[in-house]
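Colleague: Working from the sequences, and respecting the hints, build out all of it.
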Amino acid sequence: MYSSRKICLPIVAILLAGAAGLAGAAEPGSFGYGSVATPAQIAGWDIDVRGEDGTGLPPGKGTVDRGAEVYAEQCAACHGTFGEGEGRFPKLVGGIGSLRDERPEPTVGSYWPFAPTLWDYINRAMPMQAPHTLSADDVYALTAYILNLNDLVPHEFVADRNSLPKVKMRNRDNFIWTDPRPDTMTKPCMNDCVNAADVRISSTAEGRNLTPRTTGPLDTMQQK
Amino acid sequence: MGRRRFLGLGAALTSSLAVGGKQAIADPAQESPPADAPWSQSIGAGVVDRPYGRPADAEASVIRRNVPWLTASAESSVSFSPLQDLHGIITPNGLFFERHHAGRPDIDPAQHKLMIHGLVERPLLLTMKDIMRFPSVSRIHFIECPANGGMNWRAAQMNSLQFSHGMVSCAEWTGVKLSTLLEEVGIKKQAKWAMVEGADGAHMNRSLPLDKCLDDCLVVYAQNGEALRPEQGYPLRLVVPGWEGNVNIKWLRRIKLGEKPWHTREETSKYTDLMPDGTSRGFTWLIDAKSVVTFPCPEKPLDGPGLYEIRGLAWTGNGKVKRVDVSMDGGVNWQTARLHEPVLSKALTKFTVPWRWDGRPALVASRVIDVTGYVQPTIAQLRAQRGSNSVYHNNSIQIWQVKPDGSVFNVQLA
Chain X
-9 MYSSRKICLP IVAILLAGAA GLAGAAEPGS FGYGSVATPA QIAGWDIDVR
41 GEDGTGLPPG KGTVDRGAEV YAEQCAACHG TFGEGEGRFP KLVGGIGSLR
91 DERPEPTVGS YWPFAPTLWD YINRAMPMQA PHTLSADDVY ALTAYILNLN
141 DLVPHEFVAD RNSLPKVKMR NRDNFIWTDP RPDTMTKPCM NDCVNAADVR
191 ISSTAEGRNL TPRTTGPLDT MQQK
Chain G
13 MGRRRFLGLG AALTSSLAVG GKQAIADPAQ ESPPADAPWS QSIGAGVVDR
63 PYGRPADAEA SVIRRNVPWL TASAESSVSF SPLQDLHGII TPNGLFFERH
113 HAGRPDIDPA QHKLMIHGLV ERPLLLTMKD IMRFPSVSRI HFIECPANGG
163 MNWRAAQMNS LQFSHGMVSC AEWTGVKLST LLEEVGIKKQ AKWAMVEGAD
213 GAHMNRSLPL DKCLDDCLVV YAQNGEALRP EQGYPLRLVV PGWEGNVNIK
263 WLRRIKLGEK PWHTREETSK YTDLMPDGTS RGFTWLIDAK SVVTFPCPEK
313 PLDGPGLYEI RGLAWTGNGK VKRVDVSMDG GVNWQTARLH EPVLSKALTK
363 FTVPWRWDGR PALVASRVID VTGYVQPTIA QLRAQRGSNS VYHNNSIQIW
413 QVKPDGSVFN VQLA
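Protein sequences, first through last, are from chains X and G.
The first sequence begins at -9 in this note's numbering and counts up by one.
The second sequence begins at 13 in this note's numbering and counts up by one.
Fair warning: there could be bad hints in the mix.
To be verified - In silico DSBU-like links for lysine-lysine, alpha-carbon gap of 30 Å or less:
1) G/K141 with G/K200
2) G/K272 with G/K282
3) G/K282 with X/K51
4) X/K177 with G/K332
5) X/K156 with G/K272
6) G/K200 with X/K81
7) X/K51 with G/K272
These are computed hints drawn from the structure, not numbers from a lab.
Modeller: Here it is as structure tokens:
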């Protein structure tokens, strides 16, 4: 089998060159472009962590206290000293129990389903002005600090690859991961679909002063 | 006639001889008809005066625009395409809407690489040159941010087509089928999902079911015939036809196959739809069918009673648009619009319908029906299912209120 495959390869390659896109016909490596990624190269690129079970979390650990230090230096300017969020920058705490309210506040504490996702996001995307520059230990420490701010772990908590997947997040069981749409069904009525007398404007954007101008230079308007 | 020609020639001579001789050029309004405007009596700029080219100066207002108060910083923000000034199904490259999470990186293509690894037989590292050698395909597809129209979930807020619908754009994408790349690395049996990741500061990553990757996803390096714009992912991006913009990872640098989804921040904290009962829907990738009248609209009012062509765009992540109906009375009666060719799968589709406006108040709306028979819902129907806190996937029927003076406003109906 192996030897016949070896002989066949050039033929497959020729066929592909002549009839590109013969899906399913290709053997791995038929084109032979690029270089096989080495284990060392893969290790350098492979930063993802799986939220549900923490697969991919690296060695290392961090405490809440260490997290508070790094946070004050690297994060507080945007997210506020206690995660309350400066200006329109996202809040990292609060909103617990608000998800059914008129104005819900989804945060790490109220909304996020998985703690390892927090490690992964801080590691890949924060701090905003210098993403992916923190050590694994500092990312663990920051994760511990933010979880502690949200009363999800005690002050003695040490975050590492074993402890993070075990943190039970408040909103974990409230996600439905299969799309229930289409959830609206209508038949396209053509005539007298509603009583003309019942057609009533319930809301208008007129006079709300929320819309930036759409001619001339870019608008810098701020919400009043 | 002879005298007119003589005068014209005289003016041309004067203008070409006298520096700053503007006054000498015949006033086109007085001369008409027929008359020559200054540009008809002078010589224009030569070739390569603008080696790349740019729109006419008078079109300077036709630009992407943002809502400054919407986001904390322009680096994690959105801009909207000026749909009110576009005339076809293709969005010009400079006007394609933007959504960045860590700003627009300016990537050196010579250093950019794509790694494909995980549950594969033969992990690969590909340069841009390598990727361009694979068999190429070109497809026309829209990309829409699922938060397009999000500002109108609760009430009519944005009095503008650009700001209510401008996070959709459409281009011809050229690249290699993702299935070709995955066959080249060899998919292991256990693989069910792919993690796709960008090279921007956000290292934006999302999970995609392998079936979708093998079905119609593209790894593209070109947009409308030229290299991708930096704002759209130069030098390499993923196109996931018909699915929400966020999964169309820009600046694509890594694809990893695995057994399970990753539940990244962008598919848990964001891009999930909060329901009134406090539950949330995740992995709501599909862009449901949507349409909007692009003329008239708040930016393009009517100019007195008379005959008009109502124009609009329709699209659906399910495939092709089957039919678009238009109503002038807020949905009491509808008539079917004409669809303009080409009607392509997962692409913007243009529709028109003639309308003689009598100058009385009107409520103009469009409603699309797609190949699956799905009918675009009203905002009331959507709210009945999803409340008004779900941020994403507002594909409701847009109502434009036309007042007797021809002005147009974004309204919602009870």
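Colleague: If a hint holds in the structure, say so; if it does not, say that too.
Modeller: These are the hints, each one checked on the structure:
| no. | hint | in the structure |
| --- | --- | --- |
| 1 | G/K141 with G/K200 | holds (26 Å) |
| 2 | G/K272 with G/K282 | holds (19 Å) |
| 3 | G/K282 with X/K51 | holds (27 Å) |
| 4 | X/K177 with G/K332 | holds (18 Å) |
| 5 | X/K156 with G/K272 | holds (18 Å) |
| 6 | G/K200 with X/K81 | violated (41 Å) |
| 7 | X/K51 with G/K272 | holds (25 Å) |
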